[in-house]
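Visitor: Sequence:
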Amino acid sequence: MTLHLPLALMLVAGMGFAAHRASLCTVRAVMEVMTSGTAYMLVSFAKAVLWTITISGSLIVLFSIDPQPVYGRLPFWAALLGGFIFGIGAAVNGGCSFSTLQRLADGELGMLVSLAGMILGFLGMSYWLAELPSVSLQPIKTGRLWQHSWGSGLLVLLWLWATWELIRLWRAHADDSGLLGRLLAERYRLSSAAAVLGIGGGTLYAVQGAWTYTNFLRGEAASWLGAGPVPAAGQAFLLVALIVGMLFSSWHRGAFRVRRPKLGDLPPRLIGGLLMGIGGTLVPGGNDTLLLAAIPSFSVQAVTVFAALLAGVAVTLAVMRWRMGVMAPVACSGDRCH
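Under this note's numbering, think of the first position of the sequence shown as -9, with each following residue one higher.
Everything labelled a hint here was simulated from the structure, so no lab data went into it.
Where is the CB? At the ideal position from N, CA and C, for every residue including glycine.
Any given hint could be a false lead.
As the list claims (entries may be wrong) - With beta-carbon atoms standing in for the labels, derived distance ranges:
#	residue 1	residue 2	range
1	F246	S213	29 to 35 Å
2	L215	M310	30 to 36 Å
3	S213	T153	50 to 56 Å
4	L173	W151	20 to 26 Å
5	V305	G254	20 to 26 Å
6	G216	T28	43 to 49 Å
7	R161	A36	35 to 41 Å
8	A36	L127	24 to 30 Å
9	V305	S26	16 to 22 Å
Using the sequences provided together with the hints, build the complete structure.
Guide: So, in structure tokens, the structure goes:
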């Protein structure tokens, strides 16, 4: 089964739109826990994983798809270290992989420095790892997981949850705005964004494997050095579609405003992006890859690496709060963050 490029582009653009409308960000999720004692955003990440498993598992079973492999880093400690370093970089940068693009779509040009640093990190770490044959990428086999009898039972349970979740989300809107009004809502509920990300991500995961933009940039950097194959051409278009979806969201709600970075903002953007690139090479990929590809493959390693990423964010934020004496609060309620 192949997914035609126009459909894939529409899915990714919709995911970019939804992520921007809900302001999803791993750094903000940790800040929410540290400042408000709630975990609405982290719960939405878990829901995105469940949606991805539901959709990808259904497609794999119904169409007998042999999914593209998702890769994990061996030895395990290298992937764990990569997750922690990526988390440090995201906290220093002030945003994770999705958030970096979201802020760029709002006109924050300093995020271009973050992306440049990320690419430099991918290049430098890929060059170094090419000299270390003991540190390698190994495929996470996923297709056979759905061939067992328990796979069908799991899908039934997941679809019961998904149906309940869709009904709950539809009823959560007090106004009778219709489908279009809800799709173009000023701010998405976290669960709504999780559903869009998971449905689109699950479809793409089933037919393209680890399609996410951090994994694409990592693979592209490795190919420039001759340390890996060239990513499929369509993946570059997916990155463009992701940005276009975020740009449309920003324009539609009047949030786009070009803002040049202050000189003092450039070092943390560059250093943060560099650390994200280094960590993302070891993982491999960023938090987007872990949530929408690696964890849905039932990889225990991916779950622990994501935990290490969260720990890296939390430790760095704690140090920053200790030094500055304050941290901007992130308040979430009613399935929305403010």
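Visitor: If a hint holds in the structure, say so; if it does not, say that too.
Guide: Evaluated hints:
1. Separation of F246 from S213 is about 33 Å and conforms to the stated range, judged on CB atoms against 29 to 35 Å.
2. At roughly 33 Å, the beta carbons of L215 and M310 sit within the given window of 30 to 36 Å.
3. As the Cβ distance of S213 to T153 is approximately 42 Å, the hint placing it in 50 to 56 Å is violated.
4. At roughly 22 Å, the beta carbons of L173 and W151 sit within the given window of 20 to 26 Å.
5. At about 23 Å, the beta-carbon gap between V305 and G254 stays in the expected band of 20 to 26 Å.
6. The given range of 43 to 49 Å is respected by G216 and T28, whose C-beta atoms sit roughly 47 Å from each other.
7. The hinted range of 35 to 41 Å is not satisfied by R161 and A36, whose Cβ atoms lie roughly 21 Å apart.
8. For the hinted restraint 24 to 30 Å between A36 and L127, the CB-CB distance of approximately 26 Å keeps it satisfied.
9. A C-beta distance of roughly 19 Å is found between V305 and S26, which places it inside the suggested range of 16 to 22 Å.
The structure shown violates the earlier hints numbered 3 and 7.
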